[in-house]
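Engineer: For the protein sequence lines, the chains are A and B, in the order given. At position 8 of the first sequence the residue is numbered 8 (the working numbering), and the sequence of numbers has no breaks. At position 148 of the second sequence the residue is numbered 148 (the working numbering), and the sequence of numbers has no breaks.
Note that these hints are calculated values from the structure, not bench results. Misleading hints may appear alongside valid ones.
So, partial list: chain B residues that the calculated Cβ filter (under 10 angstroms) puts toward chain A [what the hints assert, rightly or not]:
(1) 29
(2) 35
(3) 36
(4) 42
(5) 43
(6) 47
(7) 62
(8) 66
(9) 211
Below, simulated DSS-like cross-link-like pairs (lysine-lysine); rule was C-alpha separation at most 27 angstroms, straight line [as the list claims (entries may be wrong)]:
(10) A/112 to B/61
(11) B/61 to B/145
(12) B/154 to B/196
(13) B/105 to A/187
(14) A/59 to B/60
(15) A/232 to A/264
(16) B/28 to A/77
(17) A/191 to A/151
(18) A/32 to B/27
(19) B/154 to B/186
(20) B/130 to B/241
(21) A/187 to B/211
(22) A/112 to B/60
(23) B/28 to A/269
(24) B/61 to A/108
(25) B/83 to B/165
(26) A/232 to B/211
(27) B/98 to B/83
(28) B/28 to A/264
(29) A/77 to B/27
(30) A/229 to B/211
(31) A/33 to B/27
(32) B/28 to A/160
(33) A/237 to A/264
(34) B/28 to A/294
(35) A/187 to B/107
(36) B/28 to A/33
(37) A/160 to A/5
(38) B/256 to B/165
(39) B/28 to A/78
Here a beta-carbon is modelled for each residue, glycine too, at the ideal position from N, C-alpha and C.
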Amino acid sequence: MKRRKFIQQTSVASAILGFGGFTVANAINSSKKFDKHITILHTNDVHSHLESFPSDHSKFANRGGAAKRKFYFDQIKKENQNTLILDAGDSFQGTPFFNYYGGELEFKTMSKLGYHASTIGNHEFDNGIDNIAAQLAHAEFDLINANYLLKNTSLNGLVKPNQIFEVDGVKIGVFGLGIELEGLVSKDLYKETIYLNPIDIVQDQIRFLKVEEECDLVICLSHLGYQYKSDKIDDLKLAAQTSGIDLIIGGHTHTFLNQPTEVKNQEGKNVLVNQVGWAGVNVGRIDFFLNEQKEDEPIKSSVVSL
Amino acid sequence: MNGFLKVASIFCLSFVLIGCIESTSNKKYELASSLSENREINEALQEDQEIVNFLAPYAKKIDQEMNQELSYTKKPMFKTDSKFNTAIGNLMADAVFKQIKPLAKEKFNIQLDAVLLNYGGIRSGISEGKITVKTAFDIMPFENKVVIVELSYKKMNELFEYLAKNEVAHPFAGIKLEINQLSDIKHQKVFSKELKEGETYFIATSDYLLKGGDQMNFFIDNENVFETNYKLRNLFIDYFKSKDEIVAEKDNRFVKVQR
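Make a model of the complete structure from these sequences and hints.
Structural biologist: Written as structure tokens, this is what we have:
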């Protein structure tokens, strides 16, 4: 099954200009010590905030906005062409851009910003599942979800469980998880979508991405939410109760994290769980540094015992 | 920025590769380290001109539509203006009653008895002066639709009990409620018909509250639901359009009495 995407890249820019010099310098210095340097940029719950908040906004004056976000993305891509741009859902609903254009502008803007993949948040259903299918015509990125059974819906064949990206020779498996819709979204909006248990689905996805496809990195785009006191599944529980995921990019709970939370998985390995609030006021950046595995070295990556 | 910076060693490196050959396929890579930074998108960043130009005509068109004048009010209204019932809440509940009553008759052949919305659902106040499409978006930014719920006599009593015990100015119309100082019901009334065993009542509300939003659980265990497919926001727009001036007042539909 070969449906991986190759991210085009030129040689890594030699001259690094612009803001954020300290972090950049660190990243670049680090990249020299390793064989591969992959940068992940991510958002969640942008909620149709295509423009910046107004200058008189009580909380987020001048924050966010797709134009500033693109400027930042482009800066990072100049530093490291080997960059994946991901989103964890709920790009729809929150400003009249959605009410008037039904998601077309959100998907077109994300395409212009160079997003590679996003997942389905509960608000994507606000104008019905058929509207998601219609708006996908405007998306030049993958909408992925592994735990909604979509066979009897208009999204059948349009939404894949996962996508493998090959970036500078590094295979990155990305899969998506969505929240339980019953009680949160009207049935007439999600129609015949069937929600499947995320924990079971993770094991299936890891078996495919890590064992069959031998991905070097596995990223989960989750719209489950960061943390609940109840036993409702969340990103922290998901990280702890599974193995094989390197990074969970979360959403739904609009949680502002200063830095990713590290969680020990079933094999005792660290999983990074990150989420950057909402409305595009923050962007998350993770730089991964990888080294080649020698042929005769035992495979040390997470392999799920079958 | 330094505070956001974090170097996490994910795996211990047991070996270092020197002079590896580039770009042959089927090589395996192992995570060695990671760095992270959650960064603000703020005024320190320039705006990408392509995106600005792409969005500008849409933003302009939306602005024009949003500024379309529908009606007028001499008086500003906010949900915090008064206790038990408010001018803005009464305006919203009365608007739903006026718009839904003929629709209920025509579409479902039922007699609408009352309207109940929720206080938390009043998302903004209304300033004095022009009432525009934007006003409707401000007070109702969500896509919720009106549903008509048929409630039993028992559930209707639970509805009154809920209102009495919470003492929140939830917008309602078609009913009246008086409570005493102990928040016990002193007098409850449905204007259209008598409250009695065996009777059922048709209440217009939002599909959000139908699912038990704001703990309005009496809506869940209903006799029947009639879906109007009428968005609350569009209802308010239609209502504003039908009036040259909006006059809304606090009244005595929900009061606490001394005795």
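Engineer: Against the structure shown, which of the earlier numbered hints fail to hold, in ascending order?
Structural biologist: As far as the earlier hints go, not one is violated by this structure.
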